[in-house]
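Q: Put the complex together from the two separate chains, hints included.
Quick mapping for you: the protein sequence lines, in order, are chains Z and U. Numbering-wise (our numbering), the first sequence opens with residue 1 and increments by one. Numbering-wise (our numbering), the second sequence opens with residue 780 and increments by one.
Treat the hints as calculated values from the structure; they're not laboratory data.
Only part of the chain U face toward chain Z is listed, based on derived beta-carbon distances under 10 Å: (1) V799; (2) V802; (3) A804; (4) R806; (5) V811; (6) V875; (7) E876; (8) V878; (9) D879; (10) M880; (11) L881; (12) R882.
Where a beta carbon is used, it is the ideal one built from N, C-alpha and C, also for glycine.
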Amino acid sequence: MNFMDPNLFLWLIPMGPLTAFLIIALATNRARLIPATDPHYGGHHPDYDGMRVPVVRDSSRVLSITIALSGIVMAWILSWRAFFAARALPHFGEEVLGSQFNWMSLGRGFFNIGVLVDPLNATLLFMVPLAATMIFVYAIGYMAHDPRQSRFFALLSLFAGAMLTLTVSDNLLFLFVGWEVMGLCSYMLIGFWFEKESAYKAAIKAFTTTRVADVIMLLGIVYLYALTGTLNFRDILWNQATLDLLTTTPAILFGGSLSAAELIGIFLIVGTIGKSAQFPLHVWLPDAMEGPTPVSAMIHAAAMVSAGVYSIIRVFPILEAGMNPHVGEFSASMLLMVIAGGFTALFAATIAVAQFDVKRVLAYSTISQLGFMVAALGIGAYVAATFHLITHAFFKALLFMSAGSVIHGVEHGEHHAHEHHDDDDDDEEHAHHHDVAHDQDAHHSDHHFDPQDMRNMGGLREKMPFTFWAFLIGGLSLSGFPIITAGFWSKDEILADAWLGLSHGYAPQTFVFIMLAISAFLTAFYTTRQIGLTFFGKPRSVAAEHATLGAPIVNVTMVAPLMLLSFFAIVAGYVGVPKEFPILGWVFSRQGNPFFEMVNHSLLHPTPHPYFADVLPAVFTSFAVALGGIGLGWLIYIRKPLEAGQQDPLINFLGPVWNLLEHKYYIDELYVILFIKPAKALAHVTSEVIDRGVIDGFLHLVARTFVFLGDLIKVFNAWLIDGFGDAIPQGVGMFGEWFRRVQTGRTQQYILLTALAMIVIGIIFALSVGMLSAQAVGF
Amino acid sequence: MVIPLWMYLIVAASIFSIGVFAVLARRNAVAVLMGIELMLNAVNVNLVAFWRYSTTDSSMGGQVFAAFLFVVAAAEAAVGLAIVIAVYRNRRSVIVEDVDMLRW
Chain Z
1 MNFMDPNLFL WLIPMGPLTA FLIIALATNR ARLIPATDPH YGGHHPDYDG
51 MRVPVVRDSS RVLSITIALS GIVMAWILSW RAFFAARALP HFGEEVLGSQ
101 FNWMSLGRGF FNIGVLVDPL NATLLFMVPL AATMIFVYAI GYMAHDPRQS
151 RFFALLSLFA GAMLTLTVSD NLLFLFVGWE VMGLCSYMLI GFWFEKESAY
201 KAAIKAFTTT RVADVIMLLG IVYLYALTGT LNFRDILWNQ ATLDLLTTTP
251 AILFGGSLSA AELIGIFLIV GTIGKSAQFP LHVWLPDAME GPTPVSAMIH
301 AAAMVSAGVY SIIRVFPILE AGMNPHVGEF SASMLLMVIA GGFTALFAAT
351 IAVAQFDVKR VLAYSTISQL GFMVAALGIG AYVAATFHLI THAFFKALLF
401 MSAGSVIHGV EHGEHHAHEH HDDDDDDEEH AHHHDVAHDQ DAHHSDHHFD
451 PQDMRNMGGL REKMPFTFWA FLIGGLSLSG FPIITAGFWS KDEILADAWL
501 GLSHGYAPQT FVFIMLAISA FLTAFYTTRQ IGLTFFGKPR SVAAEHATLG
551 APIVNVTMVA PLMLLSFFAI VAGYVGVPKE FPILGWVFSR QGNPFFEMVN
601 HSLLHPTPHP YFADVLPAVF TSFAVALGGI GLGWLIYIRK PLEAGQQDPL
651 INFLGPVWNL LEHKYYIDEL YVILFIKPAK ALAHVTSEVI DRGVIDGFLH
701 LVARTFVFLG DLIKVFNAWL IDGFGDAIPQ GVGMFGEWFR RVQTGRTQQY
751 ILLTALAMIV IGIIFALSVG MLSAQAVGF
Chain U
780 MVIPLWMYLI VAASIFSIGV FAVLARRNAV AVLMGIELML NAVNVNLVAF
830 WRYSTTDSSM GGQVFAAFLF VVAAAEAAVG LAIVIAVYRN RRSVIVEDVD
880 MLRW
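The following block holds chain U by itself, in its conformation from the complex (with noise of 0.2 Å):
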């Protein structure tokens, strides 16, 4: 049985969902930084799912993207760490509403 495109992108849908939440609603910035994983892994799922999909395109621009989407990823994954560990060593705090420094 072929799998339809739709639950493809129902797990997508989920998983942005799951990682919206986590970034709009921890507290804790490493928690927020990983829902931002989570966002990128569920496009990530689209992506590849629209390539394995399409009629009109045989490159493999899908997969490739993907990939960049890993490494960026990773790029942004030990920025932000690296930022929250800075953060933290500044005001002993991982909490996202404690650094509300850029504000009137």
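With the rest of the complex left out, here is chain Z (with noise of 0.2 Å):
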């Protein structure tokens, strides 16, 4: 095969991590044994004295490191070397890259799967592997000292990889493949410090939670091919006949009163709800963040949460069921999105208002803003909808890692301040539970202190100005900071499409138009809460005061990805900038919006542009409400910093509304009562009724009865058989003991005996022949 055919080389995308993650995995990823007391171990455990445990060694540290990365940049060159091989196209949409090979033979044909960049994905390939790499260049600092780098950067490859397969794939079920893989790898990554128990609970609760929904997609996507024989996404997407065929049928559940394309759409978009962590799935997100922070970046930037959205953007046909949101019509399966996506984005907003942990704040917003592009797609804003992905992909990418770096500073601070203020409790700050977001009390003590708690941090912005500026950047790209910011341009197209369809009156964009702006408004203010929180004022504690990235070597690898993310928070915006915007437009789209005029073109039947003129009251609510969100923000956290042991000022402002806020409306204590309870009270009952009442009782009886016969039986043995079996040899040995007194050795007896014998024998024969009554014969 010719590799060099844009075609062919597609396949070759995943191949880089995928042979990383072998290589690692196999050959690289030898450890040696040393007690876990040793300070090598990292410490994070002190219930392992007296055992030994692995710590990578050096060697496969570095090679697993540098095979990693050699997989991950070749999946990046040969994904761009795609990318722009696929905008070299002449009518590129309607063609597209790929290829396909027979993957198993079904009797009535064969299921094919292969490779594909259209205009969706394309997107997708220019910001995967970039984030990724990022990541894995920023890993290598973050997690310089770890004992499992080896296994650390095999799963992430394994990630990445799934990650590329996902985007290229063609059809469904290799979709699937990868959605599946990366369902995997978080689990084992957000459990990779499994020596807590935070961590493993966390991975457990996010593996259980995406499979309800990952089952209920596999049924979606069963049912699809049971009706249309393919699962390709051209031979279904662009095919005007199967999706007719789709909106045409009545599906199997509800009666008929559901399309089968809505029944079909509205189970992937569970799948959706599922791995994208919408409400009421979402609960697994937050916990995730028990995971390092360069999967944390991962999951909530370039794989996991992009591969929920990018699966609904891609089989978007398929959802809208021959309606047209923009005139009004709305399918079953689009409303689920509004509705989900519109909720999600509001009701996740106004828990990250109330949470202290840096990096939770953060997986909040992270759920809000898949909320965005979700409710998006729900109003056919399918472009705005890519759009944000790929900018959000960027800016939250940056934000984790800068948190990452602020919670690393932190410790570092930490460990400084005990060094000099010669504290006796070092063991137990490595064993700091981090879960400890919940404690109201700002007085935390050493002895409890956490690095992710920005009430212990405050005034980073001299300690570690780099990533201040860093987190500033991909903050006001969040907060949709008026025209610098690429979140500002994604988030203005999904409003300016919302605001389209509320001035025709349309009920769902009129909802998700209200939701998203408000939710907006809150996303800038709680982002410039935590800007002010952990950057401004007076540090609030030792460690933020001694806050510092450590060496120099592993401060470059920590600082170089923030800056090209940086980069691309800021520029990735003007690829969307409408064409009539004023001076911006002029300088950046002259040939029109390049972004929405290529990614519209994914789409059989292209959505319509919104004109400008018609939307500027959005425009102007996106100026309104991220510069209203910053500066109440600004106004609260900034303007007068939080000092050390002061009580958060909208605590006394919500009263209440805080306590449910920061408890997250408490669903997960509803989940604990209405599942986790319920399973485990079943689970009760099996165990100790059913399995040990019943089923045991049962086996125990058969086996007392069974025991009953068979000491029944063996009275009856030793009584008769064995008795009469003794019987025998003893009669006979008895007898013997009798009749051997015959034998005296007295040869005088034993003639004698003869004799006798002789003459009795004598008697007999003569009476039996006659002789003694016959006549003397005469002699």
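A: What follows is the structure, encoded as structure tokens:
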């Protein structure tokens, strides 16, 4: 095969990271055993005293990092080559890159798998390997002292490889393969520090929650295959006959009131609700913060959650089900997206306002932003959803890595402070539990120091200026700071599309517009709050006073990715500037909005571009909510920064609402009552009553019966059969005892007996022949 | 006068009985051997007597049988005395009752 052919070398895109995974897992994963108390083990786990634990060898460590990095860089180069090769096609969209081969014979034909690059996943091919590579580089510094680095980079490679597989796949089943491999990787990486109870619990939570959704998504895939006999995207989505078949067939459920396309759409959306953490399956994502920060960046930006949104954007023509949202027609699947996305966006944004854990705020902001995308797709803003997916990936990866640097710095400061203050609780400080964000008390004793708690930070602007700028850029982009940040352009486009529907009086668009506008305001507010709490004012703990990024070499790998991502967090927006936007439109979009023109051609029936003048109110809303949120945040948290020990001013202002928000609307507690407790009770009943009572009881009864029968037979056997058997030899023996007395050893007795016998025999003989009674024969 | 057969038989039976008594009643092993000799000779008398009075047999069978018996008796006496001497050497006794090792 000629892999220089752009149709064929797409196959190689996921191969780099996947090969890296294999090599690291099989070859360069050598470890040596050291006592668990050794400082090289990192000290996450005081419970392991007396055990010997594996720690990666230096040679393996260096090799693993090199191999993982080569793999992802190779994928990056190939992806961008594919991206530019695809862009060069004259009618990109109608023409695509791709190739297929027969995977398995299915009797009535073959199931083909293949690779495909169309405008939609070309944008992902631009973003995913770039963000992933930055995460890899960042992880070198962040994980520098971890005892299991080979394993980490192997899993991260597999994660990236699975994401790229999903991105280039040309059918739903192949996509699902990548999807599930990512589920596995997220499980293993969230639980990477499995010595912490909270980490492995979070891993299990993420795995089981997404599993529920994945099974339903698989139902949708199966139903789609049963109806159309293919899962290939082009065969279904670029084929009016197939789409018509799907929209005209009544669904097998709900009495046929839905079309098959709507039911399939709902199944697939549920898959995304799990994977992209929409309400009500969002609960796993905040807990996923227990993983190392590069993993959080991977899950929240480059891979996992993007994959969820990507999959519904990909199958959008099915979800649309023949309706046109731009003239106010909505299919059931679209309405599900509108409601789930719009609600989740606002719901998560309100929770994020009341969190203190620096990563948890970002986690909820991710959920909220994913809600933006899902809601945007629900109102048919296909391109806007894709655009936000891309820009969000850049600025969220940037934010996570900056937050990771902050945590890293505060941890360093903590070590530093302890060295200087000669505290004696070094052991405890390693074992600290990260999950103390619920703690209402602003005074954290050093015994429970949490380096992720923003109440322990403050004033980091002077200590970590570079991280501050990176975080500021990411934060402004997330807030949608007008004109200069990428987040503004993508969010503005969603709002513009919603406004267009609202101005026609369509209810779903109105709902989405209101929900997203409030969410955008809250987003700007909590982002500013986070920046204020973290970077402004005076340090509120000793650790924050001594915060530093550590050794310069480590520093570089953690700083360079932030620089590149900061660049993209700003300029990624300029590919989507509307043509009519004053000045900037002329600078960037003289031939029309480039992003829109490109991605729109993924669709058989392209969506209309909102005319700029029609959506001016939406643009002003974008300006207003972003600046308003930032302004309010500035008023409360930056103008008068929090003092050490001071309560968050919102607590008094919001009152009981604050409590509700801080506890995330008690959703976790509700799920414990609704699902976990009944499941445990059922398990208890099954175990105690059914298993131990009924099943074990029956078995014990059978056992006892047969033991009793056996005892009975044993007695019978011992008494009768053995008795009979023993009696014969005993009788013979006794007779022998008695009879042997004949043998006296005295010859004369023998002879006497013989003689007597002879006489007796003689008499008998004589009698028998009648000798005695006969007449004497005359001699 | 011709002596009738039964007189010989009475003599032979008497000698045999004396021999049996000697074997059964004497304690001395040599005397027991002597009893055996008596019984053998009683048999010899019988054999010769039956031969002499037989009307059908014209061969010398009876006398030959008797002659054989002398040889057997002599051999038996020799072996018997040898055993007695051997027993005496070992146990310093020729009392038959003392030699009862072959018992239960």
